[in-house]
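**Q** Protein sequence lines correspond, in order, to chains A and B.
According to my numbering, the residues represented by the first sequence are 1 to 580, in order.
According to my numbering, the residues represented by the second sequence are 1 to 580, in order.
Misleading hints may appear alongside valid ones.
It does not matter which identical chain is meant; a pair holds if it fits inside one copy or across any two.
Calculated lysine to aspartate or glutamate pairs in the DMTMM-like style (CA-CA distance at most 20 Å, straight line) [stated by the list, open to error]:
| hint | residue 1 | residue 2 |
| --- | --- | --- |
| 1 | Lys-97 | Asp-87 |
| 2 | Lys-63 | Asp-511 |
| 3 | Lys-405 | Asp-179 |
| 4 | Lys-262 | Glu-550 |
| 5 | Lys-315 | Glu-218 |
| 6 | Lys-315 | Glu-234 |
| 7 | Lys-405 | Glu-292 |
| 8 | Lys-347 | Glu-286 |
| 9 | Lys-295 | Glu-59 |
| 10 | Lys-12 | Glu-121 |
| 11 | Lys-405 | Glu-286 |
| 12 | Lys-123 | Glu-307 |
| 13 | Lys-63 | Asp-516 |
| 14 | Lys-574 | Asp-556 |
| 15 | Lys-495 | Asp-516 |
| 16 | Lys-123 | Glu-13 |
| 17 | Lys-545 | Glu-566 |
These are calculated hints, taken from the structure and not from any lab test.
Number of protein chains: 2
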Amino acid sequence: MRASRFFISTLKEAPSDAEIVSHKLMMRAGMIKRLGSGIYTYMPLGLRVIRKVEAIVREEMNKAGAIELLMPLVQPAELWQETGRWDKMGPELMRVKDRHGRDFAIQPTSEEVITDVVRSEIKSYRQLPLNFYHIQTKFRDERRPRFGLMRGREFTMKDAYSFDRDVAGMQVSYQAMFDAYVKIFTRFGLQFRAVAADNGAIGGTGSHEFHVIASTGEDALVYCPTSDYAANMEAAEALPLLVGRAAAAEALAKTATPGKTKCESVAEFLGLPLARTVKSIALTVEKESEGEVTKENWLLLLRGDHELNEVKVSKVAGLSNFRFASEAEILEAYGSVPGYLGPVATKQPVNVVADRTVANMADFVCGANEEGFHYTGVNWGRDLQEPVVADLRNVVEGDASPDGKGVLAIERGIEVGHVFQLGTAYSAAMNATYLDEKGQPAPLQMGCYGIGVTRILGAAIEQNFDDKGIVWPDAIAPFELVLCPMGYDRSELVKLETDRLYAELQAAGVDVIVDDRGLRPGAMFADWELVGVPHRVVIGERGLKEGNLEYQGRRDAEATAVPAAEMVSFITGKLGTPGK
Amino acid sequence: MRASRFFISTLKEAPSDAEIVSHKLMMRAGMIKRLGSGIYTYMPLGLRVIRKVEAIVREEMNKAGAIELLMPLVQPAELWQETGRWDKMGPELMRVKDRHGRDFAIQPTSEEVITDVVRSEIKSYRQLPLNFYHIQTKFRDERRPRFGLMRGREFTMKDAYSFDRDVAGMQVSYQAMFDAYVKIFTRFGLQFRAVAADNGAIGGTGSHEFHVIASTGEDALVYCPTSDYAANMEAAEALPLLVGRAAAAEALAKTATPGKTKCESVAEFLGLPLARTVKSIALTVEKESEGEVTKENWLLLLRGDHELNEVKVSKVAGLSNFRFASEAEILEAYGSVPGYLGPVATKQPVNVVADRTVANMADFVCGANEEGFHYTGVNWGRDLQEPVVADLRNVVEGDASPDGKGVLAIERGIEVGHVFQLGTAYSAAMNATYLDEKGQPAPLQMGCYGIGVTRILGAAIEQNFDDKGIVWPDAIAPFELVLCPMGYDRSELVKLETDRLYAELQAAGVDVIVDDRGLRPGAMFADWELVGVPHRVVIGERGLKEGNLEYQGRRDAEATAVPAAEMVSFITGKLGTPGK
Numbered sequence: 001m002r003a004s005r006f007f008i009s010t011l012k013e014a015p016s017d018a019e020i021v022s023h024k025l026m027m028r029a030g031m032i033k034r035l036g037s038g039i040y041t042y043m044p045l046g047l048r049v050i051r052k053v054e055a056i057v058r059e060e061m062n063k064a065g066a067i068e069l070l071m072p073l074v075q076p077a078e079l080w081q082e083t084g085r086w087d088k089m090g091p092e093l094m095r096v097k098d099r100h101g102r103d104f105a106i107q108p109t110s111e112e113v114i115t116d117v118v119r120s121e122i123k124s125y126r127q128l129p130l131n132f133y134h135i136q137t138k139f140r141d142e143r144r145p146r147f148g149l150m151r152g153r154e155f156t157m158k159d160a161y162s163f164d165r166d167v168a169g170m171q172v173s174y175q176a177m178f179d180a181y182v183k184i185f186t187r188f189g190l191q192f193r194a195v196a197a198d199n200g201a202i203g204g205t206g207s208h209e210f211h212v213i214a215s216t217g218e219d220a221l222v223y224c225p226t227s228d229y230a231a232n233m234e235a236a237e238a239l240p241l242l243v244g245r246a247a248a249a250e251a252l253a254k255t256a257t258p259g260k261t262k263c264e265s266v267a268e269f270l271g272l273p274l275a276r277t278v279k280s281i282a283l284t285v286e287k288e289s290e291g292e293v294t295k296e297n298w299l300l301l302l303r304g305d306h307e308l309n310e311v312k313v314s315k316v317a318g319l320s321n322f323r324f325a326s327e328a329e330i331l332e333a334y335g336s337v338p339g340y341l342g343p344v345a346t347k348q349p350v351n352v353v354a355d356r357t358v359a360n361m362a363d364f365v366c367g368a369n370e371e372g373f374h375y376t377g378v379n380w381g382r383d384l385q386e387p388v389v390a391d392l393r394n395v396v397e398g399d400a401s402p403d404g405k406g407v408l409a410i411e412r413g414i415e416v417g418h419v420f421q422l423g424t425a426y427s428a429a430m431n432a433t434y435l436d437e438k439g440q441p442a443p444l445q446m447g448c449y450g451i452g453v454t455r456i457l458g459a460a461i462e463q464n465f466d467d468k469g470i471v472w473p474d475a476i477a478p479f480e481l482v483l484c485p486m487g488y489d490r491s492e493l494v495k496l497e498t499d500r501l502y503a504e505l506q507a508a509g510v511d512v513i514v515d516d517r518g519l520r521p522g523a524m525f526a527d528w529e530l531v532g533v534p535h536r537v538v539i540g541e542r543g544l545k546e547g548n549l550e551y552q553g554r555r556d557a558e559a560t561a562v563p564a565a566e567m568v569s570f571i572t573g574k575l576g577t578p579g580k
Numbered sequence: 001m002r003a004s005r006f007f008i009s010t011l012k013e014a015p016s017d018a019e020i021v022s023h024k025l026m027m028r029a030g031m032i033k034r035l036g037s038g039i040y041t042y043m044p045l046g047l048r049v050i051r052k053v054e055a056i057v058r059e060e061m062n063k064a065g066a067i068e069l070l071m072p073l074v075q076p077a078e079l080w081q082e083t084g085r086w087d088k089m090g091p092e093l094m095r096v097k098d099r100h101g102r103d104f105a106i107q108p109t110s111e112e113v114i115t116d117v118v119r120s121e122i123k124s125y126r127q128l129p130l131n132f133y134h135i136q137t138k139f140r141d142e143r144r145p146r147f148g149l150m151r152g153r154e155f156t157m158k159d160a161y162s163f164d165r166d167v168a169g170m171q172v173s174y175q176a177m178f179d180a181y182v183k184i185f186t187r188f189g190l191q192f193r194a195v196a197a198d199n200g201a202i203g204g205t206g207s208h209e210f211h212v213i214a215s216t217g218e219d220a221l222v223y224c225p226t227s228d229y230a231a232n233m234e235a236a237e238a239l240p241l242l243v244g245r246a247a248a249a250e251a252l253a254k255t256a257t258p259g260k261t262k263c264e265s266v267a268e269f270l271g272l273p274l275a276r277t278v279k280s281i282a283l284t285v286e287k288e289s290e291g292e293v294t295k296e297n298w299l300l301l302l303r304g305d306h307e308l309n310e311v312k313v314s315k316v317a318g319l320s321n322f323r324f325a326s327e328a329e330i331l332e333a334y335g336s337v338p339g340y341l342g343p344v345a346t347k348q349p350v351n352v353v354a355d356r357t358v359a360n361m362a363d364f365v366c367g368a369n370e371e372g373f374h375y376t377g378v379n380w381g382r383d384l385q386e387p388v389v390a391d392l393r394n395v396v397e398g399d400a401s402p403d404g405k406g407v408l409a410i411e412r413g414i415e416v417g418h419v420f421q422l423g424t425a426y427s428a429a430m431n432a433t434y435l436d437e438k439g440q441p442a443p444l445q446m447g448c449y450g451i452g453v454t455r456i457l458g459a460a461i462e463q464n465f466d467d468k469g470i471v472w473p474d475a476i477a478p479f480e481l482v483l484c485p486m487g488y489d490r491s492e493l494v495k496l497e498t499d500r501l502y503a504e505l506q507a508a509g510v511d512v513i514v515d516d517r518g519l520r521p522g523a524m525f526a527d528w529e530l531v532g533v534p535h536r537v538v539i540g541e542r543g544l545k546e547g548n549l550e551y552q553g554r555r556d557a558e559a560t561a562v563p564a565a566e567m568v569s570f571i572t573g574k575l576g577t578p579g580k
């Protein structure tokens, strides 16, 4: 490619609505252009990156036996009503009526459509397993689109769907996709981590998220550096910090703690470690029976230095649709304003659930259900009933790994892929069956597998940038190499050498762009550093007189002189990227 | 590709709603699957064809200097309001509201968005010319979607947009696109014709349509076999059939023609040739002036054997928004029921426009404005005023070519591409300007260029099929070649030879599929003939014992024995398609 025939348009300043670095850099590098909230035009440079990401995804999906098709964007509401998602999805699902008033969804994913395709195509177990995928535009009407491509409304996703006879088969398909994802993210040249994830509302039997590691990531990833254990924060199991419970040593005492509504301030006021305090979180669960709604009071107990994990809470029996209690409800159940709640002597009956660590505490501090007072020296069995015990908290760095093979570490990540064992959630709702060996209909076992194609761009930048701009990994860079001739239009020597090198590099399969725009060196270098092309060769008269060109990698502090005659093999050596 | 790892699903019968052959064959071959009215899933076989079409389009667009980007599907209404298309487009434009109630269009094309991109990016004449394109899903809410991919609602289109400083520059860009289209359609291996087209409502200065020739095509294409002249029926100029007007030989006479309301029946009744009759077509034009609507009566005169061309009518001065007169309006203006109208002695004043041929007629027959009567022996200048003369009719086979180089022929075509000189229609409405050499703002001169990617599939089939199924041209076939082993799972000899040949063909770059599904020969052959793979090699034990394989082209009546050792070069020789 010649830059004079391409479209390059860089900016000194990012627009003011760009909050995070990848958004700023993509706007400044002219990779994307905002059309509306969460809706972007992919400019020529950005599209080149997308196409490289798509090509790698496609190759590895095909190698893993998945078959590409293309499902429509505009999908009839009837299919979405079959699974109930038409109602469940809320305003995130973009809905549209055609000229006859019929309802359609603009696809956010395509479970319904693929299940409809498969239920009409698959008759027999002999046709299984099958895995279909497409790479297609998606739309989600996010409440607050932001962060450029990280949380856009219109985006590109690869979504694959596997169909198997039984759970064992589904797990084989799932593992094949998991392995393909590892290859895909490795080929991208990104640092990533696969973590076990919660299956969420869909149910099913297993799921993993793939995250690009970045300190700016929205998600906390939990892993054990000395074992294979890895999970996202929602799914990471927290073991009890106290292995056994100490015997009670103190007497129960009501202590004035005026104005101290937080564990931190109570501990400080009482001169106790924070780890001696327990925080009480009041929940309400509404139950409907014979048309009448009744409320249950629940109290969760966490050690003062711990954080609640709401996903774990929702899995406690009886709490699947909990909500936090209102101030009025708290007053009614506990007889106290919030800040002084506790499990001892509540006004109304309360279901108490203690985190595993709290269940093993002794002589702890909690609210006295009276404004301005806490109990100290609280002990299970003596001062209150033994509680229901559950894992309720987020893990923290240094927690024991649930596999017993070390301690946990935490890093930040950006979710770019998700593999999911769906089981029969969709096939049962849509009556998608096959005939088994005995000729009996059985529901298809499904898996679904997504990669956020356009999101990869943002995530790759969040992981790879410096103060000059983006630093693309070779495999997904818009160009692998830029040739920067010093005086292409002035020096015959430079022009000849540039053209020769350009032709030879192209013949060697290098994705190279020549900057023949006639910019001054400073502006030219700044453009390509901002755009993030990973390799640069400068062709100058001075060097050429000694037979040399200058090579500089995007992360190199200095340029290296390389004999002109060796440059092509030097570059192809540099580009020997893994998996290519 | 191995058929056992691919998805092939053919049908014996086409669904009843498939009206035309391409729709029937694509459904039967399992290339597309209907999701809703005019909305299809592209199944794996169909998607392969689409990808090949896209790749050829992309390569030639890039070679012609166009730059690929990707514009959003969901586009803010504000841009569409700037050009007035939000109101003008009617229900064909699919409109959608987001969660905040803001209006969006699902793109049918992207003139507004690209003009918005360019007006913010282009400052100076130095940045011009530019040509951007994308290949993207489009949606048009057709009133009556039908014919499979020929008139779908969701479809894929390549749309390109050029931006130039002046008309001369735009014409250069236009010619480059025209030339690229010729290369693209040639590479597809389709018979096609580029015809001059009418510019329609947008105005502008020129346009051509590219049609795939097919006897089932919706459009009539006019061309001169002995010159370069070619136009669609709307745009093809009709010269006067009578070069000079004969002198009047008959007297004007009112003649009873009871019940004869058509030229054909009048001519038969009077024993005259149809070419002596003139048909009168009454129009009404409403004009608003100072809030008052007045009606004008217009009468168009065509020779009895000719057809009206409404596009030509709309270009006659005063007739840009004509409509056909109602029966009441006719009675009021002419004093007669329809079927007996004529230009002589009308009840109210009427503007008469005669087709070029009618203007040169003498002693002709026309209605007498009295039920059951016609005039015969009518002559211009004597019996009525000389008329306004215009080209009002469709050309017919044998008409003189407007370039004076032969006579016209007519064939049927399917429109698959359109190039269009837009001029400043969009740039003026959206204030998209650049600064010229003097620093003065000037509007950008635009062109737009479309190719209906998915429509190509339907058109290619309408041109290339037989009673067994589709016959794809090599360049866009889902696979170039199918290997049909006779007993792949039973004969070690056949398996070894099949695997060897498959590996060698792949290494030679042939897009080959092996049918390893274990079907019987008849079913296997029928599948691939229906799917339309253009080349087939049968590997059988009997032939192999003599060192031979059987080759058969999709249009060949018989198979040919080819020595196994020569098959790879035989096939690569066959695939030496033009432009590849």
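**Q** How would you classify Lys-405 and Glu-292 at a CA-CA limit of 20 Å: within, between, both, or neither?
**A** Classified as neither; 50 Å inside a copy, 90 Å across copies.
**Q** Please work out whether the CA atoms of Lys-495 and Asp-516 approach to 20 Å or closer within one copy, between two copies, in both situations, or in neither?
**A** Only inside one copy: Lys-495 and Asp-516 sit 9 Å apart there, 55 Å across copies, limit 20 Å.
**Q** When no copy is specified for Lys-405 and Asp-179, does a C-alpha distance of 20 Å or less occur within a copy, between copies, both, or neither?
**A** So Lys-405 and Asp-179 fail the 20 Å test inside a copy (24 Å) and across (67 Å) alike.
**Q** Can you tell me if Lys-545 and Glu-566 fall within 20 Å by alpha carbon in one copy, between copies, both or neither?
**A** Within. Shortest intra-copy distance 15 Å satisfies the 20 Å Cα cut-off; inter-copy 53 Å does not.
**Q** For the identical chains here, do Lys-63 and Asp-516 meet the 20 Å Cα criterion within one copy, between copies, both, or neither?
**A** between (39 Å within a copy, 18 Å between copies)
**Q** Evaluate Lys-315 and Glu-234 at a C-alpha cut-off of 20 Å and name the case that applies: within, between, both or neither.
**A** Answer is within: at 11 Å inside a copy they meet the 20 Å cutoff, but 69 Å across does not.
**Q** Quick one: Lys-97 to Asp-87, C-alpha cut-off 20 Å, is that within a copy, between copies, both, or neither?
**A** both (16 Å within a copy, 17 Å between copies)
**Q** Could you place Lys-405 and Glu-286 in one of the four classes (within, between, both, neither) given a Cα distance threshold of 20 Å?
**A** Answer is neither: 41 Å inside a copy and 88 Å across each miss the 20 Å cutoff.
**Q** First find the shortest C-alpha distance between Lys-12 and Glu-121 inside one copy, then the shortest across copies, and answer within, between, both or neither for a cut-off of 20 Å.
**A** between (54 Å within a copy, 14 Å between copies)
**Q** For Lys-315 and Glu-218, with the copy left unspecified, which applies at a CA distance of at most 20 Å: within, between, both, or neither?
**A** Classified as neither: same-chain Cα gap 23 Å, cross-chain 62 Å, threshold 20 Å.
**Q** Is the C-alpha distance from Lys-123 to Glu-307 at most 20 Å within one copy, between copies, in both cases, or in neither?
**A** This pair counts as neither: shortest intra-copy Cα distance 50 Å, inter-copy 54 Å.
**Q** Is it within a copy, between copies, both, or neither that the alpha carbon of Lys-574 lies no farther than 20 Å from that of Asp-556?
**A** within (13 Å within a copy, 51 Å between copies)
Hint violations for this structure: numbers 3, 4, 5, 7, 9, 11 and 12, all remaining hints satisfied.
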